[in-house]
Amino acid sequence: MSGFETRNQAAGRSNRAVTTALAAVLAMGAFGHALAAESDPDATVNIGSLYEPQNLDNTAGAGQGINEAFNGNVYEALFRLTDAGTVEPVLAKDTTVSEDGLTYTFTLQPGVTFHSGAPLTAKDVKFSIERVTAEASKSSRKNSLKTIAGIETPDDATVVVKLAARSISLPYNLSYVWVVNDEATDLQAKEDGTGPYALQEWRRGSSLAIARFDKYWGEKPKNGEVVFQYFTEATALNNALLTGSVDIITSVQSPDSLAQFKDNPEFTVSEGKSTTKLLLAYNDRVAPFDNVKVRKALARAIEDEKLLKAVWGDYGTLIGSFVPPTDAWYADLTKVDAYDPESAKALLKEAGYPDGFTFTIDTPNYDPHPIAAQFIQSELAKIGVKVEINVITANEWYTKIYKAHDFQATLQEHVNHRDIVFYGNPDFYWGYNNPKVVDLIKQAESSATDAEQAEKLKEANTIIAEDAASNWFYLYPQIAVSKTTVSGYPLNGLNSQFFAYGITKAVE
Amino acid sequence: MSDTPVVSAGARPKSSMPWPLMVGGLLVGLHLVIALLSLVWTPYAVGDMVGGRLEGPSFVHWAGTDRLGRDLMTQIMIGSRIALVVGCGAVALGALIGVTIGVLAAFATRTLDDVLAAALDILIAFPTLLLAMLIVASSDGASLWTAILAIGIAGSAIVARLTRILAKRILSMDYITAARISGTASPGIVRIHVLPNIWPTLIVNFALQFGLAVIAEASLSYLGLGAPPPNASWGRLLQEAQASVYTAPFGAIAPGLALVSLVIGLNLFADGLREAADPTRRRSR
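Residue numbers (my numbering), protein chains in the order written: chain A, 1 to 508; chain B, 1 to 285.
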């Protein structure tokens, strides 16, 4: 699925947010240290997760769980998306960009070896990028790398990437491209990366263990071994933490299960903002949603704050558009079409629907969609709009809505970081088509500087909000719970990453 | 002429009412009253967000509130109605299809009867819920009607098999041969002799089916395949309360109690009916 993940598919959902101060610390790559004086340098850290990967290859539809376990831990890329949302070099020691922005020259970090013992060369990088862009690749990032016209390897330490058009996000996009040994085989069951950990054992259906790689080129991990323990059910996961069989839960799915950890001195609950957004997406191609006044009216008729409170209690953040505060092109647009049922009615009348209308919301059958749909149903009833709720499965959502565009409106959670670009694609499932936005998003990608990119995207973001292209409700909170003896784990974990090398565990 | 003991339809037990019938009747009656009451009055309107998030039971909200602050008592009352409507509908549909097929099978030629019996066995072996899910999935979205249709069809196999066996037993009686000789056509035999003699057993079975249908409806709704909101089904209430079962256990307990009381009521009622209406049992007392 091209460059898009819903929360259900992108199961990893490890987008942890942080307070600004902490974000700054994390940005420098310095994870916090355990408060406990003594930390065990060879500790085994057990991480509880609901998202077991299908296989071990992120270009073979492994699911988001593999990013959680492997990104930055087992595999590294030329760049890394840090927990604070910035992009920093990893295997690319130096980068030079040509004047026209079409040629990137990367000098590789010296002295890097794969877990198999082979040295890292430019050919491995070329192989790795081509693996993602290949015809057979199922990588969700394939599309964003299609501006790559050719890759050259003048010597073992130099990679030259030629682009067909400027692409300011290239380093960001390359942060998803695992650098794999070009001689590696059977990557769905084995690995050969350059990361601080090497795969130790994968027990399907149960756990995945990675152990410290002693010949790692960079800083040594602060623990000896990390085991991802997989659960299929949130209650079982909570119980595992309570009974001590896991040390950390990467993301808690309901505020109500937190009660058992919150007032307990044995556990730390950390809350932050994620990049996961809940929205009501209209099919902007069909009446009445092709009418901007109708969309604005519906936006004004629903009290987002009440919905957030119902689903997340005191957690979560309100958003006025698709862009979360962690993106550089964020603008506070919550005031645009804020809750105002009276003006909603007036707008409906202007749009030619004085008596309202009836439409169907295709609602995924898992939380929080059904409850959100009922909330919308009751809010819209107040302005005379009747909502029918059609409950569907995640698979139906994919075929009926994402593929066939056969819907009026749908509820969905969107996980990805930097996904505003979907509004620049008129063929995307919601069919929003504003030539100005399409153009701005295109221009933003071919910007020469980050500032220019941010400015263009901010403008696009504002137009999208003014157009009420979709109805954005809130940003999910990112809640991690751990034993107090464990610290130094990433709080933002953007795009489902969960860097484990900074985790410390006190001596027990 | 046969002297086989066959009671005439409409026989009433002379002994006092068996206690399961009484208790079961009371429980079912209570739900019936609540369901009827919900047509004209509920504490609040169903979708109204009148309270805080996940409030416990109080004088204002007898069963507390859900995450959206909607009154749970209101939803449970409407849930009674949904459960009874789906139960009635499914049993009626199951009875119609099941009795028809069962009687036809009893009259059919040997080969056709064998085929039908095998088909029914397969249908029965198929899990009711899975069958119901297939039917909902193949129709145009879930609704109250798809739930009734699904559960009714799933239940009809059991009714059909039972009807077939019962009808075959009656059809082997000497007096049926006598009726045939005296010129009574098959529809007449069914109407005059077969149905009146098998109905007491069937009624008991319907009451049991009713209980199963109520559970099936809750299960479908729990999976999101039942009647869509704003219809408040107990299954959906349970599903919604699941995430907050630690902090607001009453949200799960209340619809659970409602569901259990109706199903137990229906089962007791069926047991009582069996005692009251089954001639062999009454005789053995």
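In short, the hints are calculated from the structure, not lab data. Ideal placement from N, C-alpha and C gives every residue a C-beta, glycine not left out. Be careful, since some hints might not be right.
[Unchecked claim] Covered, in the sense of this in silico footprint (three residues per stretch, anywhere, with C-beta under 8 Å from a C-beta of chain B), are these stretches of chain A:
no. : stretch
1   : 297-310
2   : 326-340
3   : 360-371
4   : 385-391
[Said to hold, decoys possible] Simulated pairs of lysine to aspartate or glutamate, EDC-like, Cα-Cα distance not exceeding 20 Å:
no. : chain 1 : residue 1 : chain 2 : residue 2
5   : A       : Lys123    : A       : Asp186
6   : A       : Lys386    : A       : Asp290
7   : A       : Lys386    : B       : Asp48
8   : A       : Lys142    : A       : Glu201
9   : A       : Lys309    : A       : Asp367
10  : A       : Lys483    : A       : Asp40
11  : B       : Lys168    : B       : Asp121
12  : A       : Lys126    : A       : Glu183
13  : A       : Lys306    : B       : Asp48
14  : A       : Lys306    : B       : Glu55
15  : A       : Lys309    : B       : Asp140
16  : A       : Lys400    : B       : Asp140
17  : A       : Lys335    : A       : Asp367
18  : A       : Lys349    : A       : Asp467
19  : A       : Lys215    : A       : Glu233
20  : A       : Lys215    : A       : Glu201
21  : A       : Lys382    : B       : Asp48
22  : A       : Lys309    : B       : Asp48
23  : A       : Lys162    : A       : Asp100
24  : A       : Lys442    : A       : Glu350
25  : A       : Lys382    : A       : Glu350
26  : A       : Lys483    : A       : Glu38
27  : A       : Lys190    : A       : Asp214
28  : A       : Lys403    : B       : Asp140
[To be verified] Selected chain A positions facing chain B (Cβ under 10 Å, derived; list incomplete):
no. : residue
29  : Thr153
30  : Pro154
31  : Ala236
32  : Thr317
33  : Gln374
34  : Phe375
35  : Ala381
Results for each hint:
Here the stretch 297-310 of chain A counts 3 residues with a CB under 8 Å from a CB of chain B, which clears the bar of 3, and the coverage holds. Check on the stretch 326-340 of chain A: 0 of its residues sit with their Cβ under 8 Å from a Cβ of chain B, so the three-residue criterion for coverage is violated. Residues of the stretch 360-371 of chain A lying with their CB closer than 8 Å to a CB of chain B number 4, which satisfies the three-residue condition for coverage. Given a C-beta distance limit of less than 8 Å, the hint that chain B covers the stretch 385-391 of chain A holds, as 4 residues qualify and 3 suffice.
This hinted pair checks out: A/Lys123 and A/Asp186 have alpha carbons roughly 19 Å apart, not beyond 20 Å. Restraint check: the Cα-Cα separation between A/Lys386 and A/Asp290 comes to about 18 Å, which is no more than 20 Å; the hinted pair holds. For the suggested pair A/Lys386 and B/Asp48, the alpha carbons sit about 15 Å apart, so the restraint of at most 20 Å is met. Distance restraint check for A/Lys142 and A/Glu201: the Cα-Cα separation of roughly 29 Å exceeds the 20 Å cut-off, and the hinted pair is therefore not satisfied.
Proximity of A/Lys309 to A/Asp367 is assessed by CA-CA distance (about 14 Å); at most 20 Å being required, the pair is judged to hold. Using a Cα cut-off of 20 Å, the hinted pair A/Lys483 and A/Asp40 holds, with the two alpha carbons roughly 15 Å apart. A C-alpha spacing of about 17 Å is found between B/Lys168 and B/Asp121, which places the hinted pair at or below 20 Å, so the restraint holds. Between the alpha carbons of A/Lys126 and A/Glu183 the distance comes to roughly 12 Å, so the proposed pair stays at or under 20 Å and holds.
At most 20 Å may separate the alpha-carbon atoms for a hinted pair to count; A/Lys306 and B/Asp48 meet this at roughly 13 Å. For the hint linking A/Lys306 to B/Glu55, the alpha-carbon distance of about 15 Å falls within 20 Å, and the restraint holds. For the hint pairing A/Lys309 with B/Asp140, the CA-to-CA distance comes to about 33 Å; that exceeds 20 Å, so the pair is violated. Distance restraint check for A/Lys400 and B/Asp140: the Cα-Cα separation of roughly 12 Å lies within the 20 Å cut-off, and the hinted pair is therefore satisfied.
For a cut-off of 20 Å, the pair hint linking A/Lys335 to A/Asp367 is broken: about 27 Å separates their Cα positions. The straight-line distance between the Cα atoms of A/Lys349 and A/Asp467 is roughly 18 Å, inside the 20 Å bound, and the hint therefore holds. Between A/Lys215 and A/Glu233, the direct Cα distance comes to roughly 37 Å. Violation of the 20 Å bound is thereby established for this hinted pair. Of the supplied pair hints, the one linking A/Lys215 and A/Glu201 holds, its CA atoms being roughly 19 Å apart against a limit of 20 Å.
Between A/Lys382 and B/Asp48 the CA atoms are separated by roughly 10 Å; this keeps the pair inside 20 Å, and the hint holds. Taking the CA atoms of A/Lys309 and B/Asp48, the gap is about 16 Å. The hint holds against a cut of 20 Å. Taking the CA atoms of A/Lys162 and A/Asp100, the gap is about 11 Å. The hint holds against a cut of 20 Å. Between A/Lys442 and A/Glu350 the CA atoms are separated by roughly 33 Å; this puts the pair beyond 20 Å, and the hint is violated.
Among the hinted pairs, A/Lys382 with A/Glu350 is consistent with the structure: their alpha-carbon atoms are about 17 Å apart, no more than 20 Å. Among the hinted pairs, A/Lys483 with A/Glu38 is consistent with the structure: their alpha-carbon atoms are about 15 Å apart, no more than 20 Å. With a C-alpha separation of about 18 Å, the suggested pair A/Lys190 and A/Asp214 falls inside the 20 Å cut-off, and the hint holds. With a C-alpha separation of about 18 Å, the suggested pair A/Lys403 and B/Asp140 falls inside the 20 Å cut-off, and the hint holds.
Below 10 Å, beta-carbon pairs count as interface contacts, and A/Thr153 has none with chain B, the closest being about 52 Å; its hint is therefore violated. Hint status for A/Pro154: violated, given a least beta-carbon distance of 57 Å to chain B, over 10 Å. For A/Ala236, the interface hint is violated, the least distance from its beta-carbon to any beta-carbon of chain B being 13 Å, above 10 Å. Hint status for A/Thr317 relative to chain B: violated, with the closest Cβ pair at about 18 Å, above 10 Å.
With 10 Å as the threshold, the beta carbon of A/Gln374 comes within range of chain B, its nearest partner Cβ sitting at about 5 Å, so the hint holds. The beta carbon of A/Phe375 comes within 6 Å of a beta carbon in chain B, closer than 10 Å, and the hint placing it at the interface holds. At a threshold of 10 Å, the smallest CB-CB gap from A/Ala381 to chain B is about 7 Å, leaving the interface hint in force.
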